[in-house]
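Colleague: For reference, the chains in residue letters:
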Amino acid sequence: MSEGTNRRTVLAGGLTVGAGLAVGSTLARTATAGTTPAPNTRRSVSLVVNGTRRRLEVDPRTSLLDALRDQVGLTGAKKGCDQGACGACTVLLNGRRVLSCLTLAVMHDGDEVTTVEGLASGDRRHPMQQAFMDLDGFQCGFCTSGQIVSAVGLLAEKPDLRRAEIPELMSGNLCRCAAYCNIRDAIATAAGLGEDG
Amino acid sequence: MSIGTPITRIEAPSKVNGQAVYTADVQLPGMVHAVMVGSTIAAGRLRAIDTRAAESAPGVLAVLTHRNVPRWHGTPDDLHYVEPRFPLADTEIHYHDQCVAVVVATTREQAAYAAGLVAVEYEARPVVASLDAALPTAHEPVWRFEPLFPSVVEVGGPKEAFAGSAAKVDAEYRTPYHSHAPIEPNATVAQWERGRLNIHKTSQDVHGDRRIIAGALGVPADHVRVWSTLVGGAFGNKTTVWPHTLLAAVASRQVGPPVRLVTTRKQVFTGHGHQPPIIQHLRVGADADGTLRAIIHETTNGTPILFDDPEPTISPSASMYAVPALGAYVRVADMHMPAPALLRTPGDGPGMFAVGSAMDELSYALNLDPLELRRRNHLAHHPLKRKPWSGKQLLDCYALGAERFGWDRRAPRPRAMRDGDDWVGFGMSSAQRLEPHTAATATVAILDDGTAEVRTSIAEIGTGNLTTLVQIAADGTGVPVRRFGIVSGDTDLPEAAPTHGSRSTGSTGTAVHLAAQNARLAATRLAVADPRSPLHGLPTDRVGAADGRLFAVDAPERGESYQDLLRRNHVKAVTEEGHHDPNAKNQQFAFATFGAHFTEVRINRNVPRVRVTRHVAVFAIGRVLNPKTARNQAQGGIVFAAGQTLSEQLTQDPATGLFVTPAFTDYHVPVHADVGEIDVSFVEEPDYNAHPHGAKGLGEVVCVGVHAAIANAVYHATGIRVRELPITPDKLARLVRESG
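Chains as they are written, first to last, in the UniProt record's numbering: chain A, 1 to 197; chain B, 1 to 740.
Please keep in mind that the hints were generated in silico from the structure rather than gathered at the bench. Careful, some of the hints might be misleading.
These stretches of chain A come out as covered by chain B in the derived footprint (C-beta under 8 angstroms, 3 or more residues) [what the hints assert, rightly or not]: (1) 82 to 96; (2) 140 to 149.
Partial pick of chain B residues on the chain A-facing surface, computed with a CB cut under 7 angstroms [unchecked claim]: (3) I10; (4) A12; (5) V16; (6) A20; (7) V153; (8) G156; (9) P182; (10) E184; (11) R265; (12) G462; (13) T665; (14) H668; (15) V671; (16) A673; (17) I678.
All figures in this text were calculated on a predicted structure; none of them were measured in a lab. Positions of the beta carbon are idealized from the N, C-alpha and C atoms, including for glycine.
Start from the sequences, fold in the hints, and give me the full structure.
Modeller: Rendered as structure tokens:
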């Protein structure tokens, strides 16, 4: 996460953690009204999404991921866990890869967001997309948007990437179908790395 | 021919550009959102529930509880793949995070917020939350698949035969709760239109789901339509109709607009299936030369309080070896757990962990190479059915796997191979999985615009089945793959086999194969009866098809395209059906898929974490339809099973019954950095006895035997036998310390 604040810290004052261990009779409440932002407040936020400026009216509790999916209508980024643990929601925020489920839309007024839908140049796929396709770097495809965006972000972060570094540096993106061998090969191919690269 | 070529998945473009649609991507006009509230106890009853604060929260449209949920119809006991107690049916709590309320609101944020305002008062009861604690209730299961999966198999006096054996293994093997943990959470979008229900859901079987949903809601099945768009991983957890689907449907009926209910990651772990904890007691006896004399396989798994759900782990014992005396017994023990679900690979996965480990232990007891022990007990026929196996190239799998792996470099004794601070170990296991036959129907249409189309209700869960079905249809009709489309995942389409248990290739694939043959024959008949056709008058069996064209087999230049034929005759489409009848299979043979796994582990002796650095697998699955997708699926299955072996464990607190690892941060599925080199090959020989296209299932067999191969390699590396999964560093460190 390149951003200083994530959703957990924003809501920290407003959540009491669940009922805990229940023995005998318990009264469980997982949220306390009045300490979160007034539920009907909507805030205006302007995002540059895949090069296009979008002005959104969002609930302050809306994650960047939900804003992209439900308001901008870009459903390429996926919600696999909503906890920052699977990587399926990876997008580029001002060029860096972030987990869009762990940051709130209202925090990003004026920021530039690139999703998987914004990688291609017109009809021409991004080389990373093409490599994933050619080398079968997925099965079900649900984590794929995140894998591809993360891989594009990785190459931007580390132009001198070596093949042996790929597994460690991509380990924030889970693939339960475990197409890992092919994902690794696809990233190496898109990066122009040979067998020993 | 497109079968056998590594063509790219037909849906690949949409999967790399973000356009592929999954259930939670479905947006319907006016759609509102539902969130489930789960119980914070695992056993007891709900004494009171206060929904007033939630109901008055902004945006909230309804709160469903046991007090106001409409009466369920149907008879759950008669329904497959659904919990026998419908959601919110009463106030009883049988497991942690059981749904006690559903909040429906205009936005997801509003629903999630209000869900936190639902206050519940519970009366907790003592909980049974470990298999050891449940053992006093162990009993023979009563369940509907008894004839197919017997709970008791006894032949030849196993106790006496075991007692009289020259070499013996007597050991207990344990596997924990394992989760499917697909990256896509289970989700449903429900919409009512004039008494008819539209359901978009994460599903491996839309027709099966429809029967359950219609039954539960008391509406005719033909008033319910179920779609499964692309499915974001399933591994069995989308075979069941879970409470959230039924609740989304009743919520929508109550509030009016369409309702989307996407489960949380925690809910995927707590209430959407798992493989329960299992204890297997294996006793294996053999002669001094390794010939098996007796197997006694007793297995007990945890089952929910309300119904028996046995895990048929005895399958390998009852089908692999020519053991003259066999006793196999399946029992279940009552626990406060949510419903299990078929998990890749049901029965055989954990079963082969035990059997493959016991065979390894026997090999050391006999001072015999583990591979040689398996060769000596190789069996060409099914030991109980007494029918020859069709397509059992297991010996070829052993030979090719051993060669590719370099098995001959294995030191015979354990803890004999070192590399710096690493202990190095080699392990192997066999793989076997019975090949299922399930009814399936498909149509193939050849259209007058030169294209063609497969129609069948199959769900694509990542196996590549849309692509392989099109390959089968393309070769059957002679219309090239690039001009083929496929329509799938919808109950308005002919009923495919469910996408679980490796049924797509064999059963649905056969239906598509037959439909394609029938469509080609119908077009051929049209041509030979048409005086304007260059094929006029030819016998139909002298007409071939390729490149979208019918031609005379004896004079290939004589012929015409389907397009010309259909347009001239003003036929928009030639559409034919194919049906796979499971009873029509060749009764002379027994059918299964086979394989062999060879694995290398490296374990740092100071920090004993097991790394699978190299894995070689060879499978005999008949004809390989698409080597690109097949290899990927096999590699993925091996990693899937390696995760179950080394790191995955859904942990239930034994005191409270609460699940304490329901998140990817705590339930450790393999990540990129965990995966070493995985070499997959196939012994390719079409099995036309099994299916007319010669191919068999792949998705399940690839996971079978991996657990044992790794555990056996750990023993070979360290001299320490770990009989309880997962083989985590803390467990191994303790055993290393105890062993001195």
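Colleague: Take the hints in turn and mark each one as holding or not.
Modeller: Here's how the hints hold up against the structure:
1. 82 to 96: holds (count 5)
2. 140 to 149: holds (count 7)
3. I10: violated (11 angstroms)
4. A12: holds (5 angstroms)
5. V16: At 4 angstroms from the nearest chain A Cβ, V16(B) passes the 7 angstroms test, so the hint holds.
6. A20: With a minimum Cβ separation of about 5 angstroms from chain A (threshold 7 angstroms), the hint on A20(B) holds.
7. V153: Result: violated, 34 angstroms to nearest chain A Cβ.
8. G156: Not OK, violated: G156(B) not within 7 angstroms of chain A, min 41 angstroms.
9. P182: holds (5 angstroms)
10. E184: holds (4 angstroms)
11. R265: holds (4 angstroms)
12. G462: Nearest chain A Cβ about 3 angstroms off; hint holds.
13. T665: holds (5 angstroms)
14. H668: violated (10 angstroms)
15. V671: With a closest approach of 4 angstroms, the V671(B) hint holds.
16. A673: This hint holds: A673(B) lies near chain A, its Cβ roughly 4 angstroms from the closest one there, short of 7 angstroms.
17. I678: holds (6 angstroms)
When each numbered hint is compared with the structure, violations occur for hints 3, 7, 8, 14.
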